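Participant: Here's the letter readout for the chains.
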Amino acid sequence: MNKLIKRITARAIYFASVGLLTIGVISPLALTGSANAATVSTRSIQMSTAAQGATGVTYTVTFTPSGTSVQSLVLDFCDSASTPIPGAACATSAGVPDFTNATVSSTFMTSLTAGTKGLGQIKLTGSAASTASTAQTITLSNVTNPTSAAQTTCTGTTGAGCTFYGRIYTFSGSTYGTYASASSIGNAVDTGGFALATSQSITITATVKESLTFCASKTQPSVGCTTGVTAPNLTLGHGTPTALDSTAVDSDTAYFGCSTNANGNVVVRIKGTVLTSPSANTIAAVSAGGSAGPYSITAGTAAFGMRIGVTSGTDYSASGVTPTAKYSSATQYSWDTTSATNNTNLGAGDQIATVTPATDAWAKLNFAATAALTTPAGIYTASESLIATGTF
Amino acid sequence: MGLNHILIRPLLFILLIITFMFFPFSRTNASELGNRSLEMSNAQSDASGVTYKLSFTSNTAYNVGSLKLLFCSNSPVVYDSCTPPEGFNSNSIAISALGNAGITDFYLNPAPANSVLLSRPSTQVLNPTQVSIALNGFHNPSETGTFYARVYLYSSTDTSGAYLDAGGFALSTTADVTLSSTVPPFLYFCAGLSFNGYDCSTGSGFSNDFGTLSTNKTSTATSQFIIGTNAAYGINVAAEGTTLTSGNNVITGLTTPSASQAGIPQFGFNLRANTNPSVGQDPVGPGVATISSNYNTVNLFKFINGDSIVHTSGVIDAEKFTSSFIVNIGPNTPPGFYTTTVTYICLGNF
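Order-wise, the sequence lines are chains A and B.
Sequential numbering from 1 applies to the first sequence in the working numbering.
Sequential numbering from 1 applies to the second sequence in the working numbering.
Coverage of chain B stretches by chain A, computed from C-beta distances (three or more under 8 Å per stretch; other residues unrestricted):
{"#": "1", "segment": "38-52"}
{"#": "2", "segment": "69-77"}
{"#": "3", "segment": "222-231"}
These are computed hints drawn from the structure, not numbers from a lab.
Note that the coordinates shown come from a computational prediction; the quantities given were computed from them, not determined experimentally.
We put the beta carbon where it would ideally sit given N, CA and C, even for glycine.
Kindly generate the complete structure, drawing on both the sequences and the hints.
Facilitator: Quick look at the structure:
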């Protein structure tokens, strides 16, 4: 029967603890003190962090004294093998906070200052006695939490070793009465015990995948290129049947769409050929493939080029796209075959735009050509690869 | 069971649950390589011979002995499982002689089709720097769309052990933009009395009047024609017609290049700027065609029906020619109204 009662009690406390768990805030324990001492009530010690080995930690000690005149107090801390019971055996060799560098501020007593302080203990003395019987707060700053090395079992299956205990004793005089040690507390006025625990810091990680969706389309693609993507097959020419001649500059358009989270942006390049016939005749790049475009294409002077317009929202998406200068024109074109990373060499092509992280970046690509009087007859074709490279 | 255990165990139990809730994976201490990119030389799906240029910045000084580049269709996350992209392979790759920086002593090791293993002869310190490695000969995934890559650095020379740093990439293949255009065979040709520039639409008139012919003076007239073509094998321009006739009376055409002589019946022309008589002009324009020799000597004229007067061996840009006609009559030339029609025929050889 006793075992059953204990088991029921333990489970009840399990669930109660779930509701009350706040890291570093430990509910006071109803423990007894020395034979003649009263118990400080409503007591707690709140740590600013419960991380093992943390330095610069603030311990906020809150309690309500009995009202008997006191002028000094001792805070002892004992490891997990000990108990919070005042006067009981207290081990401080490991697993207790270090108060060596601690400082104190308080609403309790008058001009409360630290006396002896070290591993597991701090003594405090006021300049005058206090008879307060209302809630008091003592703030101890720059405390070092027990280290994980000292509390080696915090990640174990039982959790033992993460807990340590505090004890508070008040004395009527300024020199701690007859206090001798944590297990020999002498003529304490009030006493109380605390249980505390450190824990491993909770690190929350989340992985956002690198993403790059890119497409080329004859029609403007939807967000993420999910719909509206059609084969980017363009025809340059006019009349019926469609033909390219020296009387006009003919053009046709395609789009690229891009969605990315590349924090270093996406560079969009184009690489391919000029219009070329099966017999290897070509319609040359505008302005001999110069890199300082854009350039004009004049009907009758054989030339091939591409441009992105200059109007945001019409020629390219309202946000996310910055056309490269030599391809940014309302009327002029470029097809750079002279730069190091030009359109036809082994490089990755010529940069036509930059895309910043965006969900719906797009640009309209205007390809144009005209034939000269001397441009040999034939069917001319070109294949242009749009290459998007994200820097993550 | 003591009081301590009753109180402490629930607390520790809860802490353990929280711990495992937030730590589902156990990771190494590796960090993410910064400023990383993987640039393709060709983004077309199923393309062969593609160069991939890997770039990244190492975060700190560490010993680097090898590198692994892994291509996946499912995820760029370095600790995820990897599904090889359909159609992708690195079986024929080689380290490019160009574009490498930061680490230049890598050599290739055999690796699965979706990965690249690069080793150094020995582990060497890599201080924080930008590393670039260009690899030729990849075959792109057969599907159009996004795929992923991951790079891992190792201190070992054979990519064994835990990686030092790593990072992921997202890439995309896409359809090429194809352009097609038909340039039709065309022949730019027109004839008239005169033209502005090389614009056939500005031609004016088709009739010349020599006026009243005289035995003392050579009568002259001019007309012009413009040619241009993209005929790969050139064009040939011929002049067809008769000499000046009036009923049965004829002013003899010059059958050989001859100088103009007043008082002797002659009809002929050439395509030059003449001085005796002063008539005509040399060809003008960006095109360069060849004038047949019989019509290309200043002050010498000829007319034979059907003679070729201009030809080219290939395409020619616009060129304007001026035909300089001369007429002389003799004392016995019967009076009458003499006329002729000369037709220029341009034939393109496409």
